[in-house]
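A.B. asks: Sequence:
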Amino acid sequence: MSAPSQPSLARSLLPALTILLLIVVQAQHFHNRAYRQDEAWDVHYALQNIRAVGLPEHVAQVLYQLPPPNFLQDIWLHLFGHHERIVRFFSALMTMLTLAMFYRLAADLYGRRFGWLALVLLGTSSLFAFYSHEARPYAALALGAAGFPWALLRFLRQPNRRRGLFLSLVTILPAFMHPYLAYVYIAQVLCLLLFARINLRRQSRQIALVLALGIVIAYRVMLNFGGHSGSISHNINTDWLGLRELYDHLHFRPEALGLFLLAGGSLFALWKCLPRPANRRAPSQSPQVPWSSLMRRPAGWREGWLLLSLLLLLALPLLVNLVVPSVTPRHFLITLPFIVLLACLCLRQLPGYLQLLAALFFCIPFVFQFRSHSSNGAYWEIIDHLERYADPANDHFAVMARELWENIAINYYLQEGSRLGLGESDIFHFSGQELEAIASAPIRFDEALLDTRYFPDDVTLLPDYLADSQRLWLMLGNSYPAGEVMLAAIEDEFSLYSAVTFRGETYYRGLEIREYRRQPHDAAPRLRFGEDIFLLAWRLNNDRIIAPCDSISVDTWWSVAQPLDKLYSSTLVIAAADGQGVINSDAVPGGIYPTPLWQPGQLYFDERELKLPCGLPAGDYPLLLGMYATPGAEGESPQNLLIHSADGAPSDRQLEYLTTLVVPP
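Just so we're aligned, residue 1 is where the sequence shown starts under the working numbering, counting upward by one.
Keep in mind that the hints were calculated from the coordinates and are not lab data.
There's no promise every hint is true.
Per label pair, the in silico range of CB-to-CB distance [claimed, not checked]:
{"hint": "1", "residue 1": "Leu165", "residue 2": "Tyr389", "range": "38 to 46 Å"}
{"hint": "2", "residue 1": "Ala633", "residue 2": "Val582", "range": "25 to 33 Å"}
{"hint": "3", "residue 1": "Arg197", "residue 2": "Gly54", "range": "45 to 53 Å"}
A quick note: this is a predicted structure, and the numbers were derived from the prediction, not measured.
Don't be surprised by glycine CBs; every beta carbon is placed ideally from N, CA and C.
Modelling step: build the complete structure from the supplied sequences, incorporating the hints.
C.D. replies: Listed below in structure tokens is the structure:
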């Protein structure tokens with residue numbers, strides 16, 4: 001008997017190159033994406049818990065409680081770092097394994113050409129491409145969804161120790177990273193019971209292994225549902241609206257072509273499952289073990305297995321969701337391998353050139369139209385803003401958001417994802433949720449291992465934290481009623497100077513950074529400019545002795561007697577000994593509040609910087625301050641305001657002397 005022909009090198013390389021291309025495009029889409037909230041949550045927990053208890057104990061927690069949710073990823077980030085691209089590279093490696101095993105599954109069932117088409121359809125699926133690349137356990141879930149059926153069928157065809165070990169690995173490892181592998185296990189076992197010939201005496205060891213794996217998965221499910229009920233608050237409902245949302249995430253792109261192939265493949269599978277005449281010739285099978293000796297219905301078991309697997313993987317989670325809210329669209333990654341295989345049943349009926357054309361149509365949106373299935377906050381933009389303007393040695397930082405997960409994500413980027421060098425004690429957190437108000441933070445764990453300093457609605461601790469702060473950076477997420485009390489406590493002693501909103505992809509609201517400046521305790525009218533504008537305080541933030549090319553910074557505090565109807569600008573001037581201006585800085589004071597918005601009784605801050613000319617000769621240089629009405633129309637001249645004393649005594653001065661700067665020889 002001649003040995004089966006070996007595939008050519010080109011045919012062997014084609015799936016490998018296809019997988020590599022899919023991964024490269026997928027990685028490029030994520031190249032400039034910060035961690036999503038859930039990703040930052042998992043990574044930050046792993047970092048802090050490993051530092052607290054060590055890597056061995058951290059990983060060992062998987063045996064008796066929920067965390068870590070992705071212990072293999074945690075080992076990776078401990079060894080190589082926690083930057084987005086480093087951790088997501090681990091997800092990419094796992095996704096490569098998933099695609100390779102899925103190709104082998106499809107090729108074992110229907111041949112290599114079918115396997116390549118299925119590989120393209122799965123790899124270009126937007127849901128698969130998005131979640132399998134994240135720093136989350138979904139890459140492991142996808143690996144289990146594709147790898148477990150393949151390993152189980154291989155073990156059924158040729159049971160041996162090597163294949164039994166492989167089956168155990170692709171079952172246990174993904175199961176302990178995501179409990180939804182239990183649905184895959186249940187579906188495949190039910191399919192085996194329905195389609196496979198089972199001999200309890202001859203196959204006792206194989207049956208024992210499969211049952212043992214079921215016990216392990218049941219223990220993992222018990223940890224999930226027993227630890228914190230397994231429920232989530234952001235689930236979709238098992239109703240028509242929930243199904244529509246699920247379809248929106250699962251459908252192929254192009255949608256019409258995907259629906260056509262899926263409908264055609266489903267009809268073809270149903271037709272193949274119909275009873276056939278006894279003299280019909282069974283399809284050719286693998287030369288290793290004839291399927292006819294393993295399956296009850298060798299002519300149509302594959303199509304029946306695909307249909308039943310898909311129906312079970314759709315129905316079981318939705319039914320459980322009626323009792324325990326636990327379903328989101330991303331969980332249905334487990335259905336994608338079977339959706340793709342059904343679609344390819346229709347695709348393989350088309351001529352070869354149409355198969356290639358259809359594959360091209362699926363590749364175009366995958367390459368050029370990246371879809372984000374879960375929106376993201378603008379965390380990189382926030383950190384970039386703070387790194388440019390904040391002084392971590394002297395400034396204070398606070399995070400206020402309604403949801404605990406918002407605090408944790410921002411906290412990760414402040415502590416771990418920036419060059420600010422902030423520690424836990426450097427950040428004050430407000431949250432609309434108590435730490436115990438949710439079942440997991442990020443997932444249930446010993447709270448002593450992760451001190452994130454949450455002080456929900458505790459105004460009494462705020463003054464101690466802000467005691468010596470002159471500038472506060474406040475990061476705002478979702479608002480909540482008690483947060484207004486905290487804001488009022490801040491604004492009793494601080495004035496808002498700047499506010500920047502970073503939209504990102506946030507689905508809840510833009511993340512806002514507010515810059516507050518402490519109000520001086522001795523603020524009182526010192527000078528009056530014009531009739532209504534008062535200078536309350538000023539401060540030179542540098543030494544009076546300054547070298548050429550250096551900069552000075554001057555803070556001023558203002559108030560008004562009544563609302564203003566014009567836009568006013570202040571001017572800060574460095575003058576020479578003869579009174580001629582050397583350099584000046586003119587701008588509307590008040591930061592986020594221009595002068596027409598000023599209200600009586602409020603303090604408004606302004607900061608101004610001046611850089612001395614590099615060729616400035618040695619000598620004394622008076623520092624002067626003035627105020628003028630900004631021209632309202634082209635051709636108008638500025639109207640300089642005369643300066644009065646605090647008690648209203650007039651003068652003819654338009655610039656007030658503040659101090660003298662000294663440029664040494």
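A.B. asks: Checked against the structure, which of the hints given earlier come out wrong?
C.D. replies: 1
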